[in-house]
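Engineer: So the protein sequences, as listed, match chains A and B.
Once you know that position 136 of the first sequence is 136 in my numbering, the rest is easy, because the numbers rise by one and skip nothing.
Once you know that position 73 of the second sequence is 73 in my numbering, the rest is easy, because the numbers rise by one and skip nothing.
Certain hints may be false.
What the hints assert, rightly or not - The calculated label-pair distances, taken between Cβ atoms and stated as ranges, are:
#1 Asp516(B) - Met52(A): 18 to 28 Å
#2 Asp517(B) - Arg60(A): 32 to 42 Å
#3 Ser65(A) - Lys494(B): 34 to 44 Å
#4 Lys93(A) - Glu136(B): 34 to 44 Å
Keep in mind the hints are simulated off the structure, nothing from the lab.
Virtual Cβ for every residue (Gly too), placed ideally from N, Cα, C.
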Amino acid sequence: MALEDELYKKIKILNETTWEHRANRPSIDKWLGNFSTSKDKLHALFLLSQFMYFGSMQMRELLKSLYRDLYKYPNVQKIRKDNSDTLDEAFIKSEFRAWQNNTRFLGVGNPSESGTHLLYFFRQENKLGKNLFINTHEIFTANSRRTSLADPTIRNYVFIDDFCGTGSQAVDYSQSLIEDIKAIDPTITASYLMLFTTTNGQQAVISNTLFDDVRSVVELDSSFKYFDPHSRYFKSPPSEIDKDYLQLLCEKHGWELYYSIHSATDTEPELSLMADRDKLGFNGSQLLLGFHHNTPDNTLPIIWYDENTVDWWPVFKRYNKIYGL
Amino acid sequence: MTYAKNPFNVTKAVDYSDAEIDKFWVDMPTGNGFYDIVKPTVNMPQIILGGKGSGKTHIMRYFSSSLQKIRHSNSLIASIEHNQYVGIFLRCGGLNSAKFSGNDQPVEAWKNIFGYYFELWLAQLVVSMFLDMVKESGAKEFSEKRIIDELHQQFDKEVKDKFATIEELASYLRKLQREIDFEVNNCAISGKQISDLRILVSPGRLIFGLPRILSLHYPGISEIKFLYLLDEYENLQEYQQQYINTLIREREDPVSFRIGGRWYGIKTYKTFSGDEELKEGSEYEKTVIDQVLRDRKDIYEKFAKSILLKRLEQNDSIGILLGNDDEKFNGFLETFSLSGLFAKIKNKDRLKSQPYLKLLATSLQGKLDPIEIKEILHNLEYPKDPLIERTNVFLFYREWSSGNIGLVNASRKILAEAKVHNVDPWLKSNMHRIVLDKFKQDIIDQLQREYREPLSYAGIDKIIKMSAGIPRLFLIMLKHIYRWSIYNGEIPYKDGPIPEATQLRGIEDAIKWFLDDARIPGKVGSPVATIIDRIGQLLHEVRFSDAPPECSLCAFSINSTDISPPTQQLLDYLEQYSYLIKVTNRREKNSSVYRITYQVNGLIAPRWELPIYRRGVLHLSSKEVTAIFDPRSEDAFIKIKAERKSRYNAPFKVASTTLSLFE
Numbered sequence: 001m002a003l004e005d006e007l008y009k010k011i012k013i014l015n016e017t018t019w020e021h022r023a024n025r026p027s028i029d030k031w032l033g034n035f036s037t038s039k040d041k042l043h044a045l046f047l048l049s050q051f052m053y054f055g056s057m058q059m060r061e062l063l064k065s066l067y068r069d070l071y072k073y074p075n076v077q078k079i080r081k082d083n084s085d086t087l088d089e090a091f092i093k094s095e096f097r098a099w100q101n102n103t104r105f106l107g108v109g110n111p112s113e114s115g116t117h118l119l120y121f122f123r124q125e126n127k128l129g130k131n132l133f134i135n136t137h138e139i140f141t142a143n144s145r146r147t148s149l150a151d152p153t154i155r156n157y158v159f160i161d162d163f164c165g166t167g168s169q170a171v172d173y174s175q176s177l178i179e180d181i182k183a184i185d186p187t188i189t190a191s192y193l194m195l196f197t198t199t200n201g202q203q204a205v206i207s208n209t210l211f212d213d214v215r216s217v218v219e220l221d222s223s224f225k226y227f228d229p230h231s232r233y234f235k236s237p238p239s240e241i242d243k244d245y246l247q248l249l250c251e252k253h254g255w256e257l258y259y260s261i262h263s264a265t266d267t268e269p270e271l272s273l274m275a276d277r278d279k280l281g282f283n284g285s286q287l288l289l290g291f292h293h294n295t296p297d298n299t300l301p302i303i304w305y306d307e308n309t310v311d312w313w314p315v316f317k318r319y320n321k322i323y324g325l
Numbered sequence: 001m002t003y004a005k006n007p008f009n010v011t012k013a014v015d016y017s018d019a020e021i022d023k024f025w026v027d028m029p030t031g032n033g034f035y036d037i038v039k040p041t042v043n044m045p046q047i048i049l050g051g052k053g054s055g056k057t058h059i060m061r062y063f064s065s066s067l068q069k070i071r072h073s074n075s076l077i078a079s080i081e082h083n084q085y086v087g088i089f090l091r092c093g094g095l096n097s098a099k100f101s102g103n104d105q106p107v108e109a110w111k112n113i114f115g116y117y118f119e120l121w122l123a124q125l126v127v128s129m130f131l132d133m134v135k136e137s138g139a140k141e142f143s144e145k146r147i148i149d150e151l152h153q154q155f156d157k158e159v160k161d162k163f164a165t166i167e168e169l170a171s172y173l174r175k176l177q178r179e180i181d182f183e184v185n186n187c188a189i190s191g192k193q194i195s196d197l198r199i200l201v202s203p204g205r206l207i208f209g210l211p212r213i214l215s216l217h218y219p220g221i222s223e224i225k226f227l228y229l230l231d232e233y234e235n236l237q238e239y240q241q242q243y244i245n246t247l248i249r250e251r252e253d254p255v256s257f258r259i260g261g262r263w264y265g266i267k268t269y270k271t272f273s274g275d276e277e278l279k280e281g282s283e284y285e286k287t288v289i290d291q292v293l294r295d296r297k298d299i300y301e302k303f304a305k306s307i308l309l310k311r312l313e314q315n316d317s318i319g320i321l322l323g324n325d326d327e328k329f330n331g332f333l334e335t336f337s338l339s340g341l342f343a344k345i346k347n348k349d350r351l352k353s354q355p356y357l358k359l360l361a362t363s364l365q366g367k368l369d370p371i372e373i374k375e376i377l378h379n380l381e382y383p384k385d386p387l388i389e390r391t392n393v394f395l396f397y398r399e400w401s402s403g404n405i406g407l408v409n410a411s412r413k414i415l416a417e418a419k420v421h422n423v424d425p426w427l428k429s430n431m432h433r434i435v436l437d438k439f440k441q442d443i444i445d446q447l448q449r450e451y452r453e454p455l456s457y458a459g460i461d462k463i464i465k466m467s468a469g470i471p472r473l474f475l476i477m478l479k480h481i482y483r484w485s486i487y488n489g490e491i492p493y494k495d496g497p498i499p500e501a502t503q504l505r506g507i508e509d510a511i512k513w514f515l516d517d518a519r520i521p522g523k524v525g526s527p528v529a530t531i532i533d534r535i536g537q538l539l540h541e542v543r544f545s546d547a548p549p550e551c552s553l554c555a556f557s558i559n560s561t562d563i564s565p566p567t568q569q570l571l572d573y574l575e576q577y578s579y580l581i582k583v584t585n586r587r588e589k590n591s592s593v594y595r596i597t598y599q600v601n602g603l604i605a606p607r608w609e610l611p612i613y614r615r616g617v618l619h620l621s622s623k624e625v626t627a628i629f630d631p632r633s634e635d636a637f638i639k640i641k642a643e644r645k646s647r648y649n650a651p652f653k654v655a656s657t658t659l660s661l662f663e
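Can you build the whole structure from these sequences, using the hints too?
Structural biologist: Have a look at this one:
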């Protein structure tokens, strides 16, 4: 069977099983229409056949895992350890309940962003009370003389995010926030728990914030960087596929696409530099994944670009943030 | 994103609930349909056999009491009064029959224990059905005490203190069965002898006695038939089948049996009456369900189309139906059109056009003068109709292989005949008409192949034909076609016919499924796969040769004397797993030797680009049979294949080894 046929067939199965029917043949063909030659199209098809997609069901399972494996179990372990490895189930339950009641879960970003959007499902899947969730503005209370914590009985703040690519957003968002909390009461713990993170992104958050605990359900190491020398995507590529050719192809189109995105906020010479930096995904992330609710900008832009400036048809479109009005 | 649910997703009756069995039931569109096969009120036991997916389980379950009840507004009593029978359905697979053997226990003990266990199981099903009926009837009066008194008598031991009501009988039977389960499941661990178990009922005392007593003492059921529907007979061991065969032989009123199983699943017809076999015609009747459906082409076509419509209707997947049957179904699934093929050919690159003429020119090079070759090619050209042009080439190869006239003259003759055919395509003596009568599909397929277009297996009629009388194969094809159609962004069955290309992708997946599903387990699986592939390859080579000896070649025949025991074993497997379908078993003229013809199953025919409609048969020589059916020797097969190729391809060399007079 010709490679093209094989790839279409593989994508059909992905589409039926994990992609939630998001990319049928016409939409794939429309996306391939972005590329000019048959060689380009074949390479693009190969790339698409490796796209990792996490649908609604998988996201919900990951949210369960986040609560269970990154929050509940570590705290249960801690309770046991602090109490001579007790096996008293009733005691552990009551202690954990108390711990949880002194915890507040928050989303990362403003209420319209994905981190906060996920909180609703996080609460549903883990059957948690509404009172355990607050907005960041509810952390503090301010009177004329000083800022203090709105509820001093809260000992743990858990920030939840869907994805951390380079860590820059998490750092920008939480750096001063956590510093402020710690400045008021250094014994309060703050955690940053994510569904997905790149190894570098996680490291950036650890290094640049005062979070006590930074962890994720899925960690994407350098093998998930599409064109990395250790890339998992080119372990044994078909003979028709040329990695360097594909990289140049992605860079060429990616540059043009990111140039158009940055042109809304930047001017030359920064504009070209930014496009150069991001042509393979934000800050050179080179990822190839998408979620039910959105595709991160760390993914190769040829997959998701859906702006008006360049005539480009996305296959897993990204609902881009519009900063300002 | 929302997407339509595939109406063909479920293809196995065991996966259906009772309500779904009823919902998706489609009767055979002749006489009283499947009623005429099952004959539920007739005393004579029936053995209903069929290939995997032929619909046996669906049929057996349809005649069971739970389905009878559904068909009569949830009233078992109304259904019994109306039908005059009650079906007691048992899936033999559920008996876990394999546990009744081995573990260093005496064979005789296993026989007795299995018989007893089977008796208890069926009795429970009857009691459960009866309790259902009593519950429904409410205040209907009957003497439970008389029933219980007589049932006590059916046991070989005093059991008066064990049950006093039908409800208690149900519990008692369940308890006895659980005791057996416990002892049998643990005998390998406990080291206890199975023969220590005590049997409280002689064979048949409950199976026949219970229905007899109930019908005697419960009003309104004295005339009804208690029909034991035993499905998946192939799951029983030989001695277990022998036990049930004995019950069939010794059947007592008001009971009868319907046995369902794979047609190779009957391991024995022997009974325990001196090892005598059951006699077909006097002790049982046999129906091979897929054979019935295959033999009645028209009936099967209607049946399959009804299945398709039913699935679409139940799933709200159907658009507005207009026109007669042909228009309606062709509106669902695009069919092949010659004009469509011509249009594709017309769009081909000039360098890729008329590939058969280019091949012919190569074959003639060095054999004739270039001027002669040029004239031949010119004479055979007929650009306005690629089918006639390809027929010209076909006829030319035939003339060449016969060696009767010079090749230039042959081409002139063909040119003249083509002109006649153009004017009067129906002239019976015209050589184009004669050859197209038989070889039209082969020539079209050659044309498609040479132009690198996929052969067409699309359209409702072809899909039905390919399913070879096995409804599951039909549904599997429809299921995969639907999946491809959705993937391709179409709205199947609602918005225009599903294109040929989509159908072909679905059929490819169905073939893959079939080859996985029908993979023969164990050591024999690999050689069988080799043999079917060789058969396919050989038929393919001959079919697509320059001058094929037979038209529509998807069948071969073997002389019965050439069938050694190992070959017979391989043929049996190929037939049992539906790779091959036995077509005829005819005696040769003036001979006591039989020639057996097999056809490659239509569903897998596309794998080797074979036709699905059979006309010609490739007669295999002794040497060919030996070469094909010896999986260890690839060389011998390559040799016989090469011999066939050189025989039917230009320059038509005579095979190096000539066939003997009797081959």
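Engineer: Take the hints in turn and mark each one as holding or not.
Structural biologist: Structure-based check of all given hints:
no.: 1; hint: Asp516(B) - Met52(A): 18 to 28 Å; result: holds (27 Å)
no.: 2; hint: Asp517(B) - Arg60(A): 32 to 42 Å; result: holds (33 Å)
no.: 3; hint: Ser65(A) - Lys494(B): 34 to 44 Å; result: holds (40 Å)
no.: 4; hint: Lys93(A) - Glu136(B): 34 to 44 Å; result: violated (50 Å)
The structure shown violates just one earlier hint, number 4.
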